[in-house]
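Colleague: Sequence:
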Amino acid sequence: QAILPQCSSGVTLQSNWDGFPGAYAGLWAEGNIVYMGTMSSRVQFVDISDPTAPFKLLEWQVPPPNGGAATRDVRTSGTGLLFVGLEVNTAHGVEIVDIRNPASPAHLTWLDTPGFGLVHLMAYDAGYLYLGQPHSAAGSGAFAVVDLTTYDPDNPPATIAANKWEVQTGSSFAHGLTVRNGVMYVSA
-11 QAILPQCSSG
-1 VTLQSNWDGF
9 PGAYAGLWAE
19 GNIVYMGTMS
29 SRVQFVDISD
39 PTAPFKLLEW
49 QVPPPNGGAA
59 TRDVRTSGTG
69 LLFVGLEVNT
79 AHGVEIVDIR
89 NPASPAHLTW
99 LDTPGFGLVH
109 LMAYDAGYLY
119 LGQPHSAAGS
129 GAFAVVDLTT
139 YDPDNPPATI
149 AANKWEVQTG
159 SSFAHGLTVR
169 NGVMYVSA
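Count the sequence shown with this note's numbering and you get residues -11 to 176, in order.
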């Protein structure tokens, strides 16, 4: 059922999609696929090839031991990797998923980096993954930067357990994170 809000002049709603019975979290689009995190351990892959008729391509289930985690944020690399930020009931902070063929995703690697067992928000830029902690974490103004410049999805490690850098932006909880051309922007 379409909800047609009033839009500003020149803006036209094409469609909407609400095919998941639970609550949504962060989302990210690459090509014709929108990856939608949820407050459960699932990521919705929605095909928007026809923006007037989006449809669910598939639902990714985070595998054990993180099957009870919330997929709070998602990002893609532009090179066939999906990063799934995990928060609540999780053993690892991030799952890396192979989406070179989005219709047939595959688990690759867990990120288990010090101090970032829970990840609330992420950004990706030029081979580096930036991780932000949830507001419940001690030192929630801290961010980790994970170096993935030599990451090989055809020969992935089972786990990555080291941060390249940690950045402290203050003591405030961050609600937004973007990185462009090596510059990190944080909204707290």
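Treat each hint with caution, since some may be false.
[Said to hold, decoys possible] Simulated restraints on C-beta separations: (1) Ser175 with Trp153: 33 to 43 Å; (2) Tyr173 with Val(-1): 20 to 30 Å; (3) Leu1 with Met27: 36 to 46 Å; (4) Pro52 with Pro9: 21 to 31 Å; (5) Gly7 with Thr138: 34 to 44 Å; (6) Met27 with Asn143: 28 to 38 Å; (7) Pro9 with Asn143: 19 to 29 Å.
These aren't lab readings, by the way, just hints derived from the structure by calculation.
Glycine residues also receive a C-beta, built at the ideal position from the N, C-alpha and C atoms.
Colleague: None of the hints should be skipped; say for each whether it holds.
Modeller: Right, here's what the structure says about each hint:
no.	hint	in the structure
1	Ser175 with Trp153: 33 to 43 Å	20 Å, violated
2	Tyr173 with Val(-1): 20 to 30 Å	25 Å, holds
3	Leu1 with Met27: 36 to 46 Å	25 Å, violated
4	Pro52 with Pro9: 21 to 31 Å	22 Å, holds
5	Gly7 with Thr138: 34 to 44 Å	38 Å, holds
6	Met27 with Asn143: 28 to 38 Å	33 Å, holds
7	Pro9 with Asn143: 19 to 29 Å	38 Å, violated
Comparing the model with each numbered hint stated earlier shows that hints 1, 3, 7 do not hold.
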